[in-house]
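Student: Working from the sequences, and respecting the hints, build out all of it.
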Amino acid sequence: MPTYQLTVNGRGRTVEADADTPLLWVLRDTLGLTGTKFGCGQGVCGACTIHLDGQAVKSCQTSLKEAAGHAVVTVEGLSRDGSHPVQKAWIAEDVAQCGYCQPGMIMSAAALLKHKAHPTDHDIDEAFADHVCRCGTYPRIRKAVKRAAGGVK
Amino acid sequence: MTSRREFLKVTGAAGTGLMLGLYLEAKPRPGEMPPAAFQPNAFLAIRPDGTARITVPKAEMGQGVRTALPLALAEELDLDWAKIEVVNAQPGPDFKAMQTGGSTSVSTTWDALRRAGATAREMLKAAAAAQWKVSPAQCRTEQGFVLGPDGRKLGYGALAEAAAKQPVPKEAPLKKPADYRLVGKRTPRFDGPAIVTGKAIFGLDVRRPGQRFAAVLRCAVVGGQPKAWDEAKAKAVKGVKAVVKVPTGLAVIADSTWAAFKGRDALAATTAWEEGAARAFNSAGLEAKMRTALTGPADDARREGDAGKALKAAAKVLEAEYSFPYQAHATVEPMNATAAVSATGAEMWVGSQSANRAHERAAAALGLKPEQLKVTVPLIGGGFGRRLGTDFSTEAAQVAKAAGGGPVQVVWDREDDLRHDLHHPATLHHLRAGLDAAGTLTAWAHRIAGPAVLRSWIGGQKAPSQAATETNGAYDIPYAIPAIAVDFAEVDAPTPLGWWRGIQVVPNVFARECFLDEVAHTLGRDPLQFRLDLLSDRGKVKFGRDEADIRRLKKVLEVAAAKAGWGRKLPAGHGLGLACHAYDGRTYAAEVAEVSVLKGQLKIHKVTCAVDCGLAVNPAGLEAQVEGGIAFGLSALFSQITWEKGSTVQTGYHDFPVLRMADMPLIETHVIPSPEAPSGMGEPPVPVAIPAVLNAVFAATGKRIRKLPLDQQLA
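Protein chains in written order, with our numbering: chain W, 1 to 153; chain A, 154 to 868.
Rather than coming from a laboratory, the hints here were simulated on the basis of the structure.
There's no promise every hint is true.
Computed beta-carbon distance windows for the label pairs [stated by the list, open to error]:
#, chain 1, residue 1, chain 2, residue 2, range
1, W, 81, A, 430, 54 to 60 angstroms
2, W, 81, A, 797, 48 to 54 angstroms
3, W, 5, A, 334, 50 to 56 angstroms
4, A, 363, W, 122, 46 to 52 angstroms
SDA-like cross-link-like pairs, simulated, lysine to any residue; straight-line CA separation at most 20 angstroms [claimed, not checked]:
#, chain 1, residue 1, chain 2, residue 2
5, A, 391, W, 143
6, A, 759, A, 700
7, W, 143, A, 773
Backbone N, C-alpha and C define an ideal beta-carbon position, used for all residues, glycine too.
Tutor: Below is the structure:
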């Protein structure tokens with residue numbers, strides 16, 4: 001089986017798997033990083049969102065081959081101690097209900113704020129258009145993004 | 154006598170501190186004798202280091218039980234909230250009442266948890282008083298300390314050992330609500346920090362040494378079975394270890410989830426199916442049967458006066474048909490369970506809302522005694538009633554057994570989850586209202602036709618409570634109408650059914666509250682005043698199993714309407730609509746929706762909600778349930794499951810849409826202060842949201858929506 005080199009949360013990793021293996025399963029099953037969630041595998045729920053070179057991407061739609069050689073950041077690597085401004089805002093607004101979709105939401109929020117320090121409501125709608133929260137935490141996600149606005153470097 | 158010995162002091166080994174066991178639900182299950190001797194089923198431990206561990210016997214699925222239940226105990230005990238550890242109970246002889254559903258977790262545990270906290274507090278005070286040689290009455294507690302006269306203080310940790318030697322008081326006094334420090338204040342979710350860092354462990358995140366992963370190839374047709382397949386194709390996929398037959402289909406066992414999925418897909422291409430009788434089932438056929446049943450025989454759920462006679466005598470009769478489709482739970486975490494079988498027993502990890510049944514049925518499937526199977530309940534990535542089912546946990550036990558030992562995680566993909574859900578069934582509603590010459594509502598008849606959830610749930614029998622269960626939300630119509638007839642006409646369907654957030658109350662209240670709106674508009678009456686008049690001068694009213702206090706319902710309706718500015722002038726194309734309901738007679742909710750319909754586009758701007766659920770234990774969690782409940786209800790304006798040839802047409806979130814960020818209205822929640830005991834808030838906001846929005850659509854457009862989903866009806 002071919003091997004691939006990736007950088008995951010700042011650490012070099014060598015992974016032996018087929019080229020078309022979705023990054024989601026490499027993270028969850030091979031590297032044991034279960035913070036990135038499986039929701040649909042169809043690219044429409046956003047639960048598996050991670051950062052690839054700083055961009056929010058769906059890891060279920062990103063192959064190992066595409067990720068090889070790039071910097072991958074998962075929710076576990078967003079901060080060492082939960083101190084990323086988005087994580088802090090999520091706690092301050094008490095966003096989570098069941099919490100399952102939230103790592104994906106948080107990764108999209110962090111990417112949005114990195115590129116646009118003060119997003120409008122429309123920007124927020126767009127950034128989360130591909131995300132599903134069946135518990136309905138959207139109003140608090142919106143508040144948390146606004147709370148974290150300006151704080152993401 | 155067991156009821157008097159409510160708490161048991163559990164004497165641990167020296168150095169373990171104070172442990173109290175308590176019995177949370179005194180009612181034995183049907184067919185079960187009350188325990189002969191006291192058996193605790195929830196535990197409080199205060200360790201010598203001052204930390205407190207609370208065992209919670211309910212599953213956390215986002216409704217906040219791991220926060221709200223410990224709050225009740227911590228309040229009476231004056232615990233330091235920062236020093237609390239919350240652990241989930243394991244089903245078995247200690248914990249027999251782990252069922253988590255019906256919005257009952259707080260209401261059924263609130264008293265016992267408070268009394269446990271008060272008992273431990275009195276024992277800690279007695280221990281401190283003995284040490285200081287003062288009276289316990291001279292001591293008080295605060296934030297994990299006992300405070301004595303002259304400013305002396307001792308931490309709970311230092312006192313725990315001595316407190317364990319104190320007798321358990323017969324009656325520990327409870328705090329006055331005015332003295333609450335935690336209850337009634339906004340407490341953030343206990344698991345928040347673990348969730349935002351990705352450390353929270355859900356069922357799918359369970360990882361055991363040597364764990365394998367499995368996907369099950371199931372027949373797309375309900376109840377179908379594989380009759381021929383070539384497992385060589387699956388085994389040719391790298392990472393696939395085995396293919397085993399299980400009662401639900403063919404399980405492909407692999408060293409990663411992805412390999413299991415690929416192996417299953419390869420196997421599918423080689424598999425021939427015995428599809429069975431359900432192949433004849435489709436939505437159009439079901440609808441025709443339901444329409445026939447609207448005029449056939451039915452089971453009475455409520456008869457008050459003679460509705461038939463009153464309708465004949467009416468000066469005017471209004472009638473309408475309402476339709477609600479099949480729905481899916483669509484939890485974001487798909488169904489899954491992990492099972493490890495060894496020579497001596499087994500261990501499972503199941504995100505179950507019904508851990509006791511999951512435990513018993515999996516043990517039976519494994520051929521084990523329940524005590525040989527240990528079940529852990531991790532966090533649940535969305536339940537909404539789906540995980541009351543035990544199909545997925547029993548299946549995982551069967552797969553692990555067939556796999557021959559070692560941990561196996563069975564993972565459903567999105568299509569499996571949507572297709573093999575325990576769906577909420579479609580219903581058709583025929584409503585009639587009789588009006589006299591003066592415009593008074595004199596008769597109300599509501600016939601509901603559809604498959605019976607309860608029958609499917611209990612294995613095919615017709616329970617005496619079937620008609621009441623299937624007409625919940627309809628039979629308990631709260632309005633003063635002289636003649637009321639509500640009945641249920643059952644229609645067969647081969648699909649397994651289950652409980653969905655808001656259960657049958659969702660379609661039934663949709664039909665009831667929209668049709669009442671039609672009556673008000675026909676009479677030229679304001680829909681708010683019309684309802685208030687029908688709720689006037691009523692106190693507690695008994696409806697079959699439930700009793701509702703109509704004054705509390707009237708109050709939430711008045712508050713929601715006032716806060717939403719009912720009657721104000723709106724821009725063109727905008728409308729306000731309202732609806733209300735007393736859920737199981739225990740939680741009262743009213744919602745006012747503001748919508749606009751411009752160029753055929755519906756926009757739900759805001760939902761103003763007033764709720765009365767008795768004491769609000771954690772207002773932050775309560776408001777989250779209102780927001781989430783409304784989102785869940787509004788999703789059902791757009792989603793449906795339809796059937797063709799015995800299979801669901803829908804296979805994922807792309808064709809079973811759930812509400813997303815841009816669709817979510819502003820939510821404003823008003824909690825009515827109440828001295829009553831807490832009830833529940835998981836489900837009550839759901840049913841009211843749909844009619845509030847559709848009544849607003851009528852106000853905005855003059856178009857009455859009687860059939861869901863909306864589809865192109867506003868275009």
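Student: All the hints need checking, so say for each whether the structure fits it.
Tutor: Consistency of the hints with the structure:
1. W:81 x A:430: 54 to 60 angstroms: Check passed, 58 angstroms falls within 54 to 60 angstroms.
2. W:81 x A:797: 48 to 54 angstroms: The hint (48 to 54 angstroms, Cβ to Cβ) holds, given that residue 81 of chain W and residue 797 of chain A are roughly 52 angstroms apart.
3. W:5 x A:334: 50 to 56 angstroms: 54 angstroms, holds
4. A:363 x W:122: 46 to 52 angstroms: This hint holds: roughly 49 angstroms between Cβ atoms.
5. A:391 x W:143: This hinted pair is violated, its Cα atoms lying about 46 angstroms apart.
6. A:759 x A:700: 31 angstroms, violated
7. W:143 x A:773: Holds. Residue 143 of chain W to residue 773 of chain A sits at ~14 angstroms (cutoff 20 angstroms).
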